[in-house]
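A.B. asks: These protein sequences, in sequence, are chains A and B.
Counting from 1 along the first sequence, just add 1149 to a position and that's the residue number in the working numbering.
Counting from 1 along the second sequence, just add 14 to a position and that's the residue number in the working numbering.
Quick caveat, the hints were computed from the structure, so don't treat them as lab data.
Glycine included, C-beta positions come from ideal geometry on N, C-alpha and C.
Honestly, I wouldn't trust all of these hints.
[Claimed, not checked] Using C-beta positions, here's what the derived DEER-type ranges look like:
#, chain 1, residue 1, chain 2, residue 2, range
1, A, G1367, B, D82, 47 to 53 Å
2, A, G1393, B, Q154, 32 to 38 Å
3, B, Q119, A, G1367, 57 to 63 Å
4, B, E97, A, G1393, 43 to 49 Å
5, B, Q119, A, D1388, 52 to 58 Å
6, A, R1275, B, Q119, 52 to 58 Å
7, A, A1373, B, G181, 45 to 51 Å
8, A, T1188, B, Q154, 51 to 57 Å
[Said to hold, decoys possible] Below, simulated SDA-like cross-link-like pairs (lysine to any residue); rule was C-alpha separation at most 25 Å, straight line:
#, chain 1, residue 1, chain 2, residue 2
9, A, K1159, B, E70
10, A, K1159, B, D29
11, B, K50, A, E1378
12, B, K50, A, D1156
13, A, K1159, B, C69
14, B, K50, A, M1171
15, B, K50, A, R1406
16, A, K1159, A, V1182
17, A, K1159, B, H71
18, B, K50, A, H1180
19, B, K50, A, L1173
20, B, K50, A, R1186
21, B, K50, A, V1182
22, A, K1159, B, Q95
23, A, K1159, B, G98
24, B, K50, A, L1175
25, A, K1159, B, A30
26, A, K1159, B, P48
27, B, K50, A, P1169
28, A, K1159, B, D54
29, B, K50, A, F1178
30, B, K50, A, D1183
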Amino acid sequence: MLREHADEAKVLAGGQSLVPMMSLRLASFGHLVDLNRVTGLDEITRSNGHVRVGALVRQSVAEHDPTVGTDVPMLARALPHIGHFQIRNRGTVGGSIAHADPASELPAVVCALDAILEASSADGSRDIAAADFFESTWQTALADDEILTAVRFPVWSGRSGFAVEEVTRRHGDFAICGAVCGVQRSGDSVTRAAIALFGVGATPIRARAAEAALVAAGAGADLAAIGQEAAAGLEPGDDLHASGAYRRTVGAVVVRRALSRALEEAGS
Amino acid sequence: MIDSIDSIDGSSAIDAVRVGFSVNGRARHVTCEPRKLLSDVLRDDLGLTGTHVGCEHGACGACTILLDGAAVRSCLLFAAQIEGCTITTVEGIADPDGGLSTVQQAMQDNHGLQCGFCTPGIVVSLTAYLRDHAEPSDEQIRDALSGNLCRCTGYHGIVNAARQAAGRPARPTHEGDDQS
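Given these sequences and hints, build the entire structure.
C.D. replies: What follows is the structure in structure tokens.
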């Protein structure tokens, strides 16, 4: 059906973003293809250093899943920031990622952890790297006839810490700006760092220079400076909720706060 | 099963779908356009007008129902999606003898409603939340209520009702209790 109708058709998962957009007449489609009765897309499995989350796993299920909580803490901690519990009861992990709203949390988690996106079409399946997946606001590397079927999140070993920080007008609102951070420590040295920001561009933005600066400086790094480094290249736009300059300022702050908490967790 | 019915302007036929599901313990069948929202089917086709439609885009929470036990927005579901599912609306929350449920009684006792428009969504949401969280803190209660907008009460009465329904004193017992 997706192939036949191309951009006249849209895949419907939880519908917690798509249906509001249709209700507000921001989007309309000739055909909706409902995935909710497709079997096998709602499983969480652990294998080969990854936790594989089926695209139709409800956000509330992933939020309380012990495997996700233990092995992908960044994902578990990002999920409660999505909407409200009634939204997460229906919203799906894969839907949030495939929807690719630049202000949403899960795409940033995907980018920070270099997760692997599994896509399928009538022709077969392929893996897409996180760095290649998000193209622009609501635009991904998925072809018109492809669906996202699962996401493989790498499991970090060793002494790791993770934190999610965001600034919103009210809990559950779209984030004005947020950051997800992961660090791995060996004593006072930082052996691995991952920082991604959301709400500050058309896609989640990985702060690789800031990650390198943190690894070089170790756990005693000047986190305010690392935050400034992460926000330095951002060019967020102005909108009703915040100016671009405010978003850039907040970006540096949320990175500092998230790194502080992640380093503390990894050091304990 | 697919029927053909006329669209509103009569210009073209739209395929209707027949959907069977359970509402408040009773098996129901509805024939409707695939585009019709569950909230509209509950109100228009089944006469269950306890489910209120406020914003129609998932923000206000007035239309919250239980779908297979989980609190969800009925305005973000198409009726065509719920074949075989079990729905509970606010009409199904009351005790079987018609008496108020624990949450409903607590809302009445604590002035948890004024105009009452948001109340069905709040009763359904709190019923599900307190089922899954036996001893919620004030912070958890407020977080749980964050998905339901009320423009009358200022929420204090609703938080007190949630406290009472959870088996705690409805009123704060000392100054440390959250009243922000």
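A.B. asks: None of the hints should be skipped; say for each whether it holds.
C.D. replies: Now for the hints, and whether the structure bears them out:
1. G1367(A) x D82(B): 47 to 53 Å: Holds: the Cβ-Cβ distance is about 50 Å, inside 47 to 53 Å.
2. G1393(A) x Q154(B): 32 to 38 Å: 35 Å, holds
3. Q119(B) x G1367(A): 57 to 63 Å: Taking Cβ atoms as reference, Q119(B) and G1367(A) lie about 59 Å apart, which means the hint holds.
4. E97(B) x G1393(A): 43 to 49 Å: 47 Å, holds
5. Q119(B) x D1388(A): 52 to 58 Å: About 45 Å separates the Cβ atoms of Q119(B) and D1388(A), which means 52 to 58 Å is violated.
6. R1275(A) x Q119(B): 52 to 58 Å: 56 Å, holds
7. A1373(A) x G181(B): 45 to 51 Å: Roughly 46 Å apart at Cβ, these two residues keep to the hinted range, so it holds.
8. T1188(A) x Q154(B): 51 to 57 Å: 34 Å, violated
9. K1159(A) x E70(B): Distance ~20 Å between K1159(A) and E70(B) Cα, so the pair holds.
10. K1159(A) x D29(B): Judged against 25 Å, a Cα distance of about 18 Å means the pair holds.
11. K50(B) x E1378(A): This hinted pair is violated, its Cα atoms lying about 49 Å apart.
12. K50(B) x D1156(A): OK: K50(B) and D1156(A) at ~22 Å, within 25 Å.
13. K1159(A) x C69(B): 23 Å, holds
14. K50(B) x M1171(A): 12 Å, holds
15. K50(B) x R1406(A): 45 Å, violated
16. K1159(A) x V1182(A): Given pair K1159(A), V1182(A) holds - Cα atoms ~6 Å apart, limit 25 Å.
17. K1159(A) x H71(B): 18 Å, holds
18. K50(B) x H1180(A): Holds - the C-alpha atoms of H1180(A) and K50(B) are around 14 Å apart, at most 25 Å.
19. K50(B) x L1173(A): Status holds; Cα separation ~15 Å.
20. K50(B) x R1186(A): 19 Å, holds
21. K50(B) x V1182(A): 15 Å, holds
22. K1159(A) x Q95(B): Judged against 25 Å, a Cα distance of about 15 Å means the pair holds.
23. K1159(A) x G98(B): 24 Å, holds
24. K50(B) x L1175(A): Cα-Cα ~18 Å, so holds.
25. K1159(A) x A30(B): Between K1159(A) and A30(B) the Cα gap is close to 19 Å, so the pair holds against 25 Å.
26. K1159(A) x P48(B): 14 Å, holds
27. K50(B) x P1169(A): 14 Å, holds
28. K1159(A) x D54(B): 22 Å, holds
29. K50(B) x F1178(A): 14 Å, holds
30. K50(B) x D1183(A): 14 Å, holds
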